Every structure is written in C-alpha cells, then in structure tokens.
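**Q** If you read the protein sequences in the order shown, they are chains Y and Z. By full-length UniProt numbering, the letter at position 236 of the first sequence is numbered 236, and the numbering carries on one by one without gaps. By full-length UniProt numbering, the letter at position 289 of the second sequence is numbered 289, and the numbering carries on one by one without gaps.
In case anyone wonders, no lab produced these hints; they're calculated from the structure. Note that this is a predicted model, so its numbers are computed, not measured. One or more of the hints may lead you astray.
[Unchecked claim] Coverage of chain Y stretches by chain Z, computed from C-beta distances (three or more under 8 Å per stretch; other residues unrestricted): (1) 31-45; (2) 76-87; (3) 91-103; (4) 216-227; (5) 239-252; (6) 311-321.
Yeah, the Cβ is synthetic: ideal placement off N, Cα and C, and Gly gets one too.
Protein chains: 2
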Amino acid sequence: MEVSKRAYNFCAGPAALPEAVLLRAQSELLDWHGKGLSVMEMSHRSDEFVSIATKAEQDLRDLLSIPSNYKVLFLQGGASQQFAQIPLNLLPENGKADYIDTGIWSQKAIEEGSRFGHINVAASAKPYDYFAIPGQNEWNLSKDAAYVHYAPNETIGGLEFDWVPETGDVPLVADMSSDILSRPIDVSRFGMIYAGAQKNIGPSGIVVNIIREDLLGRARSICPTMLDYKVAADNGSMYNTPPTLAWYLSGLVFEWLKEQGGVEAIGKLNEVKKRTLYDFIDASGLYSNPINLSDRSWMNVPFRLADDRLDKPFLAGAEARGLLNLKGHRSVGGMRASIYNAVDINAVNALVAYMAEFEKEHG
Amino acid sequence: MEVSKRAYNFCAGPAALPEAVLLRAQSELLDWHGKGLSVMEMSHRSDEFVSIATKAEQDLRDLLSIPSNYKVLFLQGGASQQFAQIPLNLLPENGKADYIDTGIWSQKAIEEGSRFGHINVAASAKPYDYFAIPGQNEWNLSKDAAYVHYAPNETIGGLEFDWVPETGDVPLVADMSSDILSRPIDVSRFGMIYAGAQKNIGPSGIVVNIIREDLLGRARSICPTMLDYKVAADNGSMYNTPPTLAWYLSGLVFEWLKEQGGVEAIGKLNEVKKRTLYDFIDASGLYSNPINLSDRSWMNVPFRLADDRLDKPFLAGAEARGLLNLKGHRSVGGMRASIYNAVDINAVNALVAYMAEFEKEHG
Numbered sequence: 001m002e003v004s005k006r007a008y009n010f011c012a013g014p015a016a017l018p019e020a021v022l023l024r025a026q027s028e029l030l031d032w033h034g035k036g037l038s039v040m041e042m043s044h045r046s047d048e049f050v051s052i053a054t055k056a057e058q059d060l061r062d063l064l065s066i067p068s069n070y071k072v073l074f075l076q077g078g079a080s081q082q083f084a085q086i087p088l089n090l091l092p093e094n095g096k097a098d099y100i101d102t103g104i105w106s107q108k109a110i111e112e113g114s115r116f117g118h119i120n121v122a123a124s125a126k127p128y129d130y131f132a133i134p135g136q137n138e139w140n141l142s143k144d145a146a147y148v149h150y151a152p153n154e155t156i157g158g159l160e161f162d163w164v165p166e167t168g169d170v171p172l173v174a175d176m177s178s179d180i181l182s183r184p185i186d187v188s189r190f191g192m193i194y195a196g197a198q199k200n201i202g203p204s205g206i207v208v209n210i211i212r213e214d215l216l217g218r219a220r221s222i223c224p225t226m227l228d229y230k231v232a233a234d235n236g237s238m239y240n241t242p243p244t245l246a247w248y249l250s251g252l253v254f255e256w257l258k259e260q261g262g263v264e265a266i267g268k269l270n271e272v273k274k275r276t277l278y279d280f281i282d283a284s285g286l287y288s289n290p291i292n293l294s295d296r297s298w299m300n301v302p303f304r305l306a307d308d309r310l311d312k313p314f315l316a317g318a319e320a321r322g323l324l325n326l327k328g329h330r331s332v333g334g335m336r337a338s339i340y341n342a343v344d345i346n347a348v349n350a351l352v353a354y355m356a357e358f359e360k361e362h363g
Numbered sequence: 001m002e003v004s005k006r007a008y009n010f011c012a013g014p015a016a017l018p019e020a021v022l023l024r025a026q027s028e029l030l031d032w033h034g035k036g037l038s039v040m041e042m043s044h045r046s047d048e049f050v051s052i053a054t055k056a057e058q059d060l061r062d063l064l065s066i067p068s069n070y071k072v073l074f075l076q077g078g079a080s081q082q083f084a085q086i087p088l089n090l091l092p093e094n095g096k097a098d099y100i101d102t103g104i105w106s107q108k109a110i111e112e113g114s115r116f117g118h119i120n121v122a123a124s125a126k127p128y129d130y131f132a133i134p135g136q137n138e139w140n141l142s143k144d145a146a147y148v149h150y151a152p153n154e155t156i157g158g159l160e161f162d163w164v165p166e167t168g169d170v171p172l173v174a175d176m177s178s179d180i181l182s183r184p185i186d187v188s189r190f191g192m193i194y195a196g197a198q199k200n201i202g203p204s205g206i207v208v209n210i211i212r213e214d215l216l217g218r219a220r221s222i223c224p225t226m227l228d229y230k231v232a233a234d235n236g237s238m239y240n241t242p243p244t245l246a247w248y249l250s251g252l253v254f255e256w257l258k259e260q261g262g263v264e265a266i267g268k269l270n271e272v273k274k275r276t277l278y279d280f281i282d283a284s285g286l287y288s289n290p291i292n293l294s295d296r297s298w299m300n301v302p303f304r305l306a307d308d309r310l311d312k313p314f315l316a317g318a319e320a321r322g323l324l325n326l327k328g329h330r331s332v333g334g335m336r337a338s339i340y341n342a343v344d345i346n347a348v349n350a351l352v353a354y355m356a357e358f359e360k361e362h363g
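For reference, chain Y alone in the conformation it holds in the complex:
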C-alpha cells in the first residue's frame, strides 16, 4: 500500500496523530496479532482486549508517574460531559465549588456546573481581556469549597498556566484536554485530572480521567449510573462496552510517547517548538500574539495578521503548501496553530518558513 504525502496538520482537535501510530493501526486493522480479527471486533471482556486495555493504562501510569492511590478511568462524552459529571460526583447538594475563569472552556464548565450547585467564580482573566492569568494572590477561594476547578490550558484563547494552583486540602480538578502529556506534571497535586483524547491522546470519543481514590463514592442520587466515577472505577471502565477502538488507539499513542523518551523528552521538544513559533511571531512585523509572555500556551498558538484582509490569502497559501487547519476558532477569529505532541518540529519549521515568505510578499 502506497502512503500518500501527509499534510502538516495544525488542527486544534480532533488533531494530528503520530504517523507511526496510524501505520501500526493500519497494519493491524483487519487482523490483530494474527488473531484473525480487528481490535474493534473483539469482545471487551476477551483476554486480547483486556491485555490492550491494561497495557494502555499502565503506559499512561508510567508516563505521568501516577501514584497508586489514583484510579485511571476511560470514559465517554468528552470534557463537556465531565462539566456535569464533576458536580454530580463531587459537589454535595447545597454544596459550593470554586471555579477559575480563564476563557471559553472554563466558562462552559462554570455554566454547566451552575446547573447542579453553587459555583463561586474565585478568579477571572476577564479584567485582563483573557490575555493573562490572574495570580493566585488575586483569587478568592472559598474555605468550604468541595473542589477547585480550572483549565490549565485554554485551547481557544491560547492561555496556559505554567504553575499549579495551591488549594490546600480542597481537591484541585483540572481540565487538561489540550495539555495533558505535553510536559511533566505532579499528579499528586491534583484531586482529579480529565482530558478528552482528541488533542494529545487519540481519536475523539474517549476521555481519560485520573482521580484520587478518596473522591470516589460521592455521587449524588440524581447521577446516572454511567456517570458515576465509582461505578466506572469498580468495573475497570467496563460497566458497559467501552469505546474499544479509541482505547486501543490511545494505547498506541502512549506506547509511541514512551518510545520518544516519555513526557520529559517530549516536553523538551515542545519547548523548542513553541519557542520557535513565538520567537518568530514576536520578531515579525506582520504577526502578533497578545498573550502575557509567561501565560502563553505551549500547545495552541493563536496569532493575528496586522491586516485582517490578509487572512484569506494567508490561509489559501498555507493550504496550497499542505499546512492545514490554521484558521482560528470562530469565536475569536485570526489564526491558530495547534502544535500538540504529534506535530513535530518539521511542521513548525515549515509553518515559520511559509509565514516568513508570506510576510515578505505582503508585509
């Protein structure tokens, strides 16, 4: 089978996957390990699939050094379903939770959370036009909060924490959909980490949830059984049939990540990538990024052209060169280059070369 030329894909999600992972999935698609059937045709309770599922979890545990008092769950419904699932599991009736507003995704979490209890917005980036993250000295955390929720990386705004909030005994809950596995983190600082797969993990349709065991078993009576974290944990994420194909593909990505040297190594590569792109933008006369230097996202780099009328020709020229999905989110406009783990330095270099060329012509 001939492999056609693959484009450089800067999509914010569902996002590029490592070519090695796709090639492996392709070769195994009709016949996994000589068993005569595809992974997606296996019972989730078969020895074969259980071995795939177990290895995926172990590889993720290795990659993030997940302590043994944390469960790893493979769920469905994306981060948006978690926005309800979190209060249904962790917010007692008439209880209160603190949320930090740093952009569109944390706002969505606040909006859905408010349907299930009292949400205190303990801090907001709004006074900074969402160009900077308020320091923790500006936060108004509640003493009696059931948890503190935040989004370490805002995919749309391109705003990312380079520090972990200090919440004492109050569990910290983080939507890491777009920055999980991009550089080392200390899982023990968190009560719960969750991430939709379709950015740094695998295809859409699966969510990874890393949750401290003492937070299980608190679900409200109105919580659907399928949304109860404890039910998922007690059943190894197989209370019903899990998304087996997505789980398998996520496992291939974890394996690939280990082969790259793990999260520390990929973090160093990501640092070079983001520095290459931001340095070029900052030095240019045509492109700009408005985010406070220390709050810039490593994964999602939004930028504007000095003249909006250049957006269309910029995108057309990019597409002609196989640089895809650079258009910014419809809510903010401009451009955005998402440079997740699977987007390598060659892609970034090709983008910068094109941006330079375009600036020379139109700048």
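For chain Y, the structure is supplied; the task is to place chain Z on it using the hints.
**A** Using the frame of chain Y, we list chain Z on its own:
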C-alpha cells in the same frame, strides 16, 4: 500489505464488521481522499467531516425509510447511558412509564429507569422462564404512561419480538442495539429507537438514536446538557466533539449495506442464516435451543450441548477451526452464535459443519 486469514467471528459485541468496510477504512487510514490526513485527525466542523457525517445520516435514513419528522442523533455512552437518558428526557417528574421485561437488558433499563421515576413493569417473560414473550393481551399498560420501553431483541437470552407492540398515542421506545438494520421495520410505529453501534452498525463508542421530533425539548432540569436529546438535535450531534472515527466507520457500514441491496435484501439473507442454524440445532441430538419458535432471535442464537462437560472441547475445537467467540454469556452459560449482518452464510455453514462433525464424534 498482505491480508491474513480472517476468522469467523460470532462475538455478541463488539462484533464482526464487513471485511469490505475494514479494507476501505484501512486504505483511507492515513490519507482520506487525498486530503493528507486521517478522518480521525479532522476537525468535526471541517467540510470533509461534515460531508462524511451527513452522508452517514442520509444513508441510514434511506436504509430504514426514516420519516422526515424524526431526528437521527449520533451519541455516546452506549445503551446503558440511554437507560438514564430516556427517563431524564421523556419521563416528567412524578410521571410514570411502562417497561416490558424480556431479559437481562430490559431489566437493566428498568433498574436504571426506576432511579428517575415510577416504572410499571407492564409485562414480563419471567413466568415463561424467559423462553417466550408474553402476548400483548397479557400486558398491563398504564393509560397515563409517558412512554412504553422494550427491547425487541434480547442479546443474551436470544429472545426476539417478531411483532411491534401497539401502544396507541403512548410513544414506543425500543432498544434495538442488537437487531437494528437486520430486517425492515416501520419507524413510524416508534417514538424512539436507539442502538449501541457495536453489533450491527460499527465499532463501540457510538449510539444511534432515531427520535420523533415532538419528543424533543422535554428534558428534566436535572438532565446534564450533554444528555439532552434536544441539545444534540439542535446541534447536529455536534454540541461538542462527536466520536468522529466511529461515526465514519458506521457510515461505511451503512454504505456497504446499501450495496448489499439494503435492509430488505439483508433481511432475506439473515432469514436463511438463522433458519440454517436453528434447523440444524432442532434436528440434532446433541444441541438444543429452548426458545419458543416464533420468539427466536435472528441475531443471537444460544444453544446448549446435551452434556455440559462437552462445552470445553466444543469451544477448543471451534477455535482451532477459526470459529471464534461461541461461548455463551457468563450469566447463562452454554453457547451463543451471534450472526449479525456482517457474519455471512459461509460462517454459518462452517459452524454447522463443525457442529455436525463434533456431534458425530461426541454425540
């Protein structure tokens, strides 16, 4: 790329998929239609993916002649999540719903439904040891039920309705996870049909929901936004990122089904398959199926060997011949051959040949 010998896969789900679909997915896995990226790497809002999603829906509409006043939704969480989602959307607070108990799956729906309102079990196959479906003259339907729920095919017990209940103005809600698309149905008889994909549609991780428009917009205040059918309908099943890969693969199966001549043609093939297997079982001295003749499932054929001690050698011999996943569900024991659309007559013939051979040796 060499295609290895594919096994005959009788798994109850996740189940066999058409080889033609897998070959197509394999060839497109790194580069869909020369676009330079995999379907799972595309934005769900891209023209490319929207065309894939739209075609899948239209093909399903064509296959089942879905009337225009029905919405087709592509959801997540499997049928088990629907067991909560149905009352959260269709059962008013303090309302009542009728459920029919014909086996393990309808019982699970009853159990979860009971957490959200008053469930009246209007009929049960229990007096018949779940070997026969009580006729509608034995049912005690409520006059004021918000809906009537049943499972037309019980995957574990192998019990299937060959008739559609008459519920007048009360919407009929059907869990068709294991028999959708197996033969023609009249969608207009139903308020809602739902089906986990992993039997007759595609990989696990996606649920198809066909719902009459007047049933939208009734969600309870405690219903998570992601579980609200109206929200899904208003957003073309893209309120958040849908499981794009599973949606695409489901679409390939719909396309394949149309190529086979549609549901009427596949229904005729399915009738031959099930008759071949049941006729052989009934004529044999070693194998038996206890289900009332007119209530036998076309899709899931459970059978027992006269002596349980033969189960192990039977399964070992089957596996050695590439006849996989014939072990019955752990809750009932014995054997089960699931013969969904993708399991063709050659597989059934190979199974029957082996069963005959085994009977000659051990009968």
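**Q** Does each hint hold? Answer for all of them.
**A** Evaluation of the provided hints:
1. For a cut-off of 8 Å, the count of residues in the segment 31-45 of chain Y with a CB near a CB of chain Z stands at 11, and the three-residue condition holds.
2. Note: the segment 76-87 of chain Y has 9 residues with beta-carbon separation from chain Z under 8 Å; the three-residue rule is met and the coverage holds.
3. Proximity of the segment 91-103 of chain Y to chain Z, defined as three or more residues with a beta carbon under 8 Å from a beta carbon of that chain, is not established by the 0 residues found.
4. For the segment 216-227 of chain Y, the stated coverage by chain Z is satisfied: 6 residues place a CB nearer than 8 Å to a CB of that chain, which reaches the threshold of 3.
5. Note: the segment 239-252 of chain Y has 9 residues with beta-carbon separation from chain Z under 8 Å; the three-residue rule is met and the coverage holds.
6. Evaluation of the coverage hint for the segment 311-321 of chain Y: breached, as 0 residues show C-beta separations to chain Z shorter than 8 Å, against a requirement of three.
The structure shown violates the earlier hints numbered 3, 6.
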